[in-house]
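Based on the sequences and whatever the hints tell you, model everything.
Chains as they are written, first to last, in numbering that gives the first Met the number 0: chain A, 0 to 383; chain B, 0 to 116.
Hints were generated in silico from the structure; no laboratory data involved. It should be emphasised that the depicted structure is a prediction, and the values quoted were computed from it without experimental measurement. Incorrect hints may appear among the rest.
Simulated DEER-style distance windows between Cβ atoms [said to hold, decoys possible]:
#1 A:R339 to B:H79: 27 to 37 Å
#2 A:D69 to B:N99: 30 to 40 Å
#3 B:A25 to A:A325: 54 to 64 Å
#4 A:S211 to B:M19: 49 to 59 Å
#5 A:S211 to B:H79: 50 to 60 Å
#6 B:R76 to A:A351: 17 to 27 Å
#7 A:T285 to B:H79: 52 to 62 Å
#8 A:T326 to B:I28: 23 to 33 Å
#9 B:N99 to A:G338: 41 to 51 Å
#10 A:G215 to B:A29: 36 to 46 Å
#11 B:H79 to A:G338: 25 to 35 Å
#12 A:A353 to B:A25: 51 to 61 Å
#13 B:R76 to A:A249: 18 to 28 Å
#14 A:G214 to B:R76: 32 to 42 Å
Positions of the beta carbon are idealized from the N, C-alpha and C atoms, including for glycine.
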Amino acid sequence: MAAGAREVADRLARGSAGGPGGAVPWQRVTTGDDTVAVAERGALGTSARVAVWPPASLGLACAAADDVLDRLDRQASRFRPDSELSWLHAARGGMFLLSDGLAEAVGVALAAARWTGGLTDPTIGDALVSLGYDRDFAAIGEDGDLAAIGEDGDLAAIGGDGTPPGATVAAPGWQLVQLDGPLLRIPPGIRLDLGATAKGLGSDRAVRAVLSAVGGQGGVLISLGGDIAVGGTPPRDGWPVTVAEEPGQAGQLVRLTAGAVATSSVTVRRWRRGGAEVHHIVDPRTGRPADGPWRTATVAAATCADANAASTAAIVAGAAAEDWLATAGLPARLTGHDGRVRDLNGWPGPEAGAWAPVPTAADSHVYAAGPAMRPRTRPPGGGR
Amino acid sequence: MDPSIRDGAHRDGLRQARRMSNWTAAALIAGTGVAAVALAHQASVAAPATTGNAAAGAAPAAGNTAGAGAQAGSGPRVTHSVATTTASGVTVITTTRTVNGKTIVTRVRHAPATADN
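Structure below.
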């Protein structure tokens, strides 16, 4: 066991272990089963959770996840001024030689945009900034001029100085961004936001890293803000997972044996700007918050980047979400603004009872086939 | 040479050849059987034990099952939810501490920072 992993393991045995560079420490989570070990910490502006069996692998798993999360944050965060993505934005267009990690993140985002027909689009950065989503939610809340929706459902006013809402800006279009291996060409004036795929990508990376760290022994579940990927050998009948619109809520109980599941919702990350209530899932075609009939979408897929992109795309697709998900062949659970629930494409309905298995698609739409999990550069079947 | 002796030697030769052929055939049959049993045993060990439709065909071409194939049935039995798939805007961090031998679980609900899905 590496020294760092051993230290994490020792400290976890005492209840908590710090992440890299003084990051939020991992905390052991008691679930009621001692056959798996679970730990959680804040990461990437949300929470990260690691579950492994055998339990003795937890230290190695947390250390491996730390490395992935730290790298991803330094590569792709739109909010960190020292991230590689921020450095790229500061250059205002041109040709760049990216790190392998950011090249993969951009490649996955572009593959998702191609797959979803632009329902997700990494060139949406300026649209989000225009709506006021231009900084870290926590930091804005501390400043007092923007805050996430409160526990009681109240919205703290943002732009409390009466700032009128910015003019909506449609995404320039992912087709304008060209990526050839690590070489990125981006026109001036385009700001990237990888939010539709980054958390899923992080979960996928962390699963691979953990499996590598433990020599492929046992199984692992990684959750980044509720976007969950599993790998290795799952527990008997699969990993037990709750499906809920918000953490802490009662929800549907399902089992996941392979692949991933992700949820997107407009019920959180809401703010008020110039008297108008807005949220963070923006339609790239209009630059405005998606206003379809679905408030929450949960999608199962072969990988977490697929599930992450598809759940966001389903919210943006609105009334067309059911058709799009059927075409994509992805099991999904949609919840409307009126509370009605639609279980689609094999997603277990109420008749399946608790702990029903969630089917997952066999193939990824955003990674090319093969063990390396590289981003697709062309859709399945060729063409562009 | 006496034709009867020559015929007898010929018959002995044929008999010996047939005997050899029979032994060869028997050995081949036995060998094939042993090989089949060995292969069947190896296949049963290697094949993933699947339960339900979630495991069937679930190993993605570029999915998260590399390293150890997805197998439902060979891991431990887990009866409690280990994670929640949910919107990421509000999270609950669970803290477990042991104080004076008692386990104290604290849940802190907070709106996190950057990630957007």
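The hints, checked one at a time:
1. A:R339 to B:H79: 27 to 37 Å: Given about 29 Å between the Cβ atoms, the range holds.
2. A:D69 to B:N99: 30 to 40 Å: For B:N99 against A:D69, whose Cβ atoms are near 35 Å apart, the range 30 to 40 Å holds.
3. B:A25 to A:A325: 54 to 64 Å: Check passed, 60 Å falls within 54 to 64 Å.
4. A:S211 to B:M19: 49 to 59 Å: holds (57 Å)
5. A:S211 to B:H79: 50 to 60 Å: Since A:S211 and B:H79 have Cβ atoms about 27 Å apart, the given range 50 to 60 Å is violated.
6. B:R76 to A:A351: 17 to 27 Å: The hint (17 to 27 Å, Cβ to Cβ) holds, given that B:R76 and A:A351 are roughly 19 Å apart.
7. A:T285 to B:H79: 52 to 62 Å: Violated: the Cβ-Cβ distance is about 43 Å, outside 52 to 62 Å.
8. A:T326 to B:I28: 23 to 33 Å: violated (54 Å)
9. B:N99 to A:G338: 41 to 51 Å: About 45 Å separates the Cβ atoms of B:N99 and A:G338, which means 41 to 51 Å holds.
10. A:G215 to B:A29: 36 to 46 Å: Given about 38 Å between the Cβ atoms, the range holds.
11. B:H79 to A:G338: 25 to 35 Å: holds (27 Å)
12. A:A353 to B:A25: 51 to 61 Å: Roughly 58 Å apart at Cβ, these two residues keep to the hinted range, so it holds.
13. B:R76 to A:A249: 18 to 28 Å: holds (23 Å)
14. A:G214 to B:R76: 32 to 42 Å: violated (23 Å)
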